Structure formats: structure tokens, C-alpha cells
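Peer 1: Below are the chains, spelled out letter by letter.
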Amino acid sequence: MKLHIKYDTVTACKMILQEQLEKLEIPYELTSLGEVELKKAVTYTQHKDLNAALKRYGIEILDDQRSIFVQKIKDTIIELVNSEERLPSAKFSDFLAQKLNHSYGHISKIFSDVTYTSIENFIILQKIERAKQLIIAGDLTLTEIAWQLNYSSVQHLSNQFKKTTGITPTSFQRIIKMRRKAM
Amino acid sequence: MNQSPLNILLADDDEDDKLIFRDAINEVKVKTSLTMVSDGVELMEYLQNLDGELPAIVFLDLNMPRKGGIECLREIRNDANLKDLSIAIYSTSASEQDIEDTFIKGANVYIKKPNEFNTLVKVLEEVITINWQYHTSDLNKENFVLSI
Numbered sequence: 229m230k231l232h233i234k235y236d237t238v239t240a241c242k243m244i245l246q247e248q249l250e251k252l253e254i255p256y257e258l259t260s261l262g263e264v265e266l267k268k269a270v271t272y273t274q275h276k277d278l279n280a281a282l283k284r285y286g287i288e289i290l291d292d293q294r295s296i297f298v299q300k301i302k303d304t305i306i307e308l309v310n311s312e313e314r315l316p317s318a319k320f321s322d323f324l325a326q327k328l329n330h331s332y333g334h335i336s337k338i339f340s341d342v343t344y345t346s347i348e349n350f351i352i353l354q355k356i357e358r359a360k361q362l363i364i365a366g367d368l369t370l371t372e373i374a375w376q377l378n379y380s381s382v383q384h385l386s387n388q389f390k391k392t393t394g395i396t397p398t399s400f401q402r403i404i405k406m407r408r409k410a411m
Numbered sequence: 242m243n244q245s246p247l248n249i250l251l252a253d254d255d256e257d258d259k260l261i262f263r264d265a266i267n268e269v270k271v272k273t274s275l276t277m278v279s280d281g282v283e284l285m286e287y288l289q290n291l292d293g294e295l296p297a298i299v300f301l302d303l304n305m306p307r308k309g310g311i312e313c314l315r316e317i318r319n320d321a322n323l324k325d326l327s328i329a330i331y332s333t334s335a336s337e338q339d340i341e342d343t344f345i346k347g348a349n350v351y352i353k354k355p356n357e358f359n360t361l362v363k364v365l366e367e368v369i370t371i372n373w374q375y376h377t378s379d380l381n382k383e384n385f386v387l388s389i
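Those sequence lines, one after another, are chains A and B. What the first sequence shows, in the numbering used here, is residues 229 to 411, in sequence order. What the second sequence shows, in the numbering used here, is residues 242 to 389, in sequence order.
No lab work stands behind these hints, which were simulated from the structure alone. Note that this is a predicted model, so its numbers are computed, not measured. Heads up, some of the hints might be wrong.
[What the hints assert, rightly or not] For each label pair, taking beta carbons as the anchor points, the in silico distance ranges come out as:
1. A:SER321 - B:LYS308: 45 to 55 Å
2. B:ARG263 - A:MET406: 31 to 41 Å
3. A:GLU250 - B:LYS382: 18 to 28 Å
4. A:ILE244 - B:ASP255: 49 to 59 Å
5. B:ALA335 - A:LEU368: 24 to 34 Å
6. A:GLU263 - B:ALA321: 22 to 32 Å
[Unchecked claim] Distance condition first, Cα-Cα at most 30 Å in a straight line; then the derived DSSO-like pairs of lysine-lysine:
7. B:LYS363 - A:LYS337
8. B:LYS363 - A:LYS319
9. A:LYS234 - A:LYS283
10. A:LYS390 - B:LYS324
11. B:LYS346 - A:LYS390
12. B:LYS346 - A:LYS267
13. A:LYS409 - B:LYS353
14. A:LYS405 - B:LYS382
15. B:LYS382 - A:LYS390
16. B:LYS270 - A:LYS337
17. A:LYS391 - B:LYS354
18. A:LYS300 - A:LYS268
19. B:LYS363 - A:LYS300
Positions of the beta carbon are idealized from the N, C-alpha and C atoms, including for glycine.
For reference, chain A alone in the conformation it holds in the complex (with noise of 0.2 Å):
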């Protein structure tokens, strides 16, 4: 016997990238058909994954190599300086080589053709930004995050916040506090 069968492959397509989605649990939203904004930045993982997953139904994610590996290589920053451990006194441009097996220029030259920023900056950026969380959190002492942060000194820490921010952690810490407060 024969079946005949009309589809609508619009339809199809799209069910089938909301059950991927939602499955790896990215918010997204449709926009239109051969667009989907993603509502956060997605890991280098997960935008593997997907990949994986929507390759079996023949769709392929239509992606700059660059922003992928500059995914990439921001994760890897992020992982490292948001670990429990100390950071490690080996240098950045070191670790970043060994673990993304290219050379720091041709890292750093993607970098900034990329997102128009230093991946020094963007390092000092998200050493500051773990400081914040954890002046928040309140559990260490300012030297204590200097320490853990590897600065050479608690001096070194509150100059690079100062000159990332434009105020000094004391002041970043009575803000928070009463911002909370306030709203």
C-alpha cells in the first residue's frame, strides 16, 4: 500500500529546531525562517552540540569559523578565571597557546579582528568582574581576592579596578549594597 503525504517543510524545520533547543535548554526565539536569536551567548559546547544535533536533520548552522573560535577562546579565559583554584602565575598568552594548540599571535590577531578589543583587556575585564562577585559575596578580604586572583598585591588589584571601573572597590561594594537597598 501507498501512502500519500503532503508537507509543509517550513513547519517541519522549525519544530524540529524548537525541540533541539529547548532539549539543550538555550532560550531562543524564532525570527525568521533561516534566523533564530538566541536569547544569551551560548558556550562553545553547546553551540557544538547543536550543531551535532541539527546536522541529522540535514541543518547546518551557517556560522563565521572566527566568532566560533573566538567563542572559543573566550570560554577557556572565563573557565580559568572563575575556578575555585588560585590562578595560575603561568602566563595567559602560555595557556591559551597549549590549550587552543595555535600560536598567542594568530589567537590574539582573531581576537581583536573579532570583537574590536584586546584579549588583554578582555582578561583584565574578567579578572575584574570575578573581584566584583566576590566582594559581593563577602566571604574574602580584598587581599585574599588579590591573592586569589594572583595580583602581586592588594595595591596592583585596586589600581586595575579603579582604572577598569572608574571607582575603587570600597566605593563598588557601598554602591551594591545600597543599590539592593533601594530597588
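Take the given structure of chain A and dock chain B to it, following the hints.
Peer 2: Positioned in the frame of chain A, the structure of chain B alone reads:
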């Protein structure tokens, strides 16, 4: 990465300041698309009736007729649809107390209006790139404070 231009909104009543801001933002490396409104009432109307993507960042002058920057900031932070907007206060005053107060009221960035055009370009460049990092690297916006 993000190839479409970043939407930027400026609320300022001074025509000269607006022109300078527009020229400066055009010098910034990141591609942007600028919308300008002339006071707080116009700003809130624009934001509340916006059909499409919210601006990546809103630059707010503190002293505007009809509705000032601080009042807009309060309304934005109390609006479920707008509360996550990045807000940069753009002001001529720079007392430490003013700055801290604005941050407590929910501003992310405090810019003291520079006198030099080139400084303004550099400042805007920095604000836009850092804001973009918060956006694309999934950083906690609650901790985003920058005084420049």
C-alpha cells in the same frame, strides 16, 4: 560576530551637544545606528512604543526640560520591559557624591562630558566596547558600573 549596527539612543536637549555626540559616535570603530530624542518625555514615549530591538545602550543627559535623566532612570528600572537596558549618564557635573548616587539609582555608566572631541570619541569607544562585552559574554549586568 554581531555584524548589524548597534542601536544607540541619546536623550539630550542641547542641539550642539547632540551634533558633537553624533560626530563622535561616527568615529567609533564599532558600527552603530544612532537615534536622538530631546527630553525625558520623548525618551520614555520612544522606549515604550518601540517595536523591535531595544537599544544596546541609552545615553541620558541629567538636566533636560519636562523630565530629567534621574527620573527617566527610575522609570526605566521600574519597567519590566526596560529594566535591563544599559544606561549611561552623560553629565557636566562630576562630584563623587553625584556619581555614587546615580549608580545607586541604577545607572551603569557615568560619563563626565569631556571638553575635547577626541576624548569624547575615546570615551564612547570604551563605553561601547565594554557594554558589548557585558552583552556578548553573559556577564552580570547588575555589577556593570563604569565611571569615566
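Peer 1: What are the numbers of the hints the structure violates, in ascending order?
Peer 2: none
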